[in-house]
Amino acid sequence: MKFMMFVCSDAEPDTDPTELPDIHKWVAENDSRGRRLTGDALAPTSAATTVRVRGGEMLVSEGPFAETAEVIVGFDLLDCADLDEAIEVARTHPMAREGRLELRPFADLPD
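Note that my numbering has the sequence shown beginning at 1, numbered continuously upward.
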């Protein structure tokens with residue numbers, strides 16, 4: 001089952017002083033187990049471009065559409081047996097403590 005895992009910042013990170021897990025180890029472990037298909041960090045929101053079409057007219061603006069303290073800073077495409085396994089993968093990601101991770105299964109759209 002494929003999941004998009006959005007890696008997000010959070011206004012209230014964990015205050016636990018213990019060292020964060022190493023992201024490179026997390027990537028290597030999940031890549032080697034076939035659970036992480038791809039992933040990457042994103043440029044800051046100041047580099048975003050928002051595209052909308054309203055009344056047949058295209059509107060392009062610089063920056064993110066929504067103003068918020070929490071932003072998507074990266075993503076990982078996961079391939080897990082089920083939601084429980086995806087949750088376990090997310091639990092061990094360093095951003096589970098510094099930010100938050102949103103898991104979304106891919107929709108099963110009709111042909």
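Think of the hints as simulated: they come from the structure by calculation, not from any bench.
All values reported here derive from a predicted model rather than from experimental measurement.
Backbone N, C-alpha and C fix where the C-beta goes; we use that ideal spot for every residue, glycine too.
Please note that the accuracy of each hint is not assured.
[Said to hold, decoys possible] Simulated restraints, written as ranges between beta carbons of each label pair:
hint, residue 1, residue 2, range
1, 57, 21, 43 to 49 Å
2, 55, 103, 34 to 40 Å
3, 2, 98, 23 to 29 Å
4, 22, 62, 21 to 27 Å
5, 84, 56, 43 to 49 Å
6, 25, 57, 47 to 53 Å
7, 84, 15, 24 to 30 Å
Okay, the hints, checked on the actual structure:
no.: 1; hint: 57 <-> 21: 43 to 49 Å; verdict: holds, 47 Å
no.: 2; hint: 55 <-> 103: 34 to 40 Å; verdict: holds, 35 Å
no.: 3; hint: 2 <-> 98: 23 to 29 Å; verdict: holds, 25 Å
no.: 4; hint: 22 <-> 62: 21 to 27 Å; verdict: violated, 35 Å
no.: 5; hint: 84 <-> 56: 43 to 49 Å; verdict: holds, 45 Å
no.: 6; hint: 25 <-> 57: 47 to 53 Å; verdict: holds, 48 Å
no.: 7; hint: 84 <-> 15: 24 to 30 Å; verdict: holds, 28 Å
The earlier numbered hint that this structure contradicts is number 4, and it is the only one.
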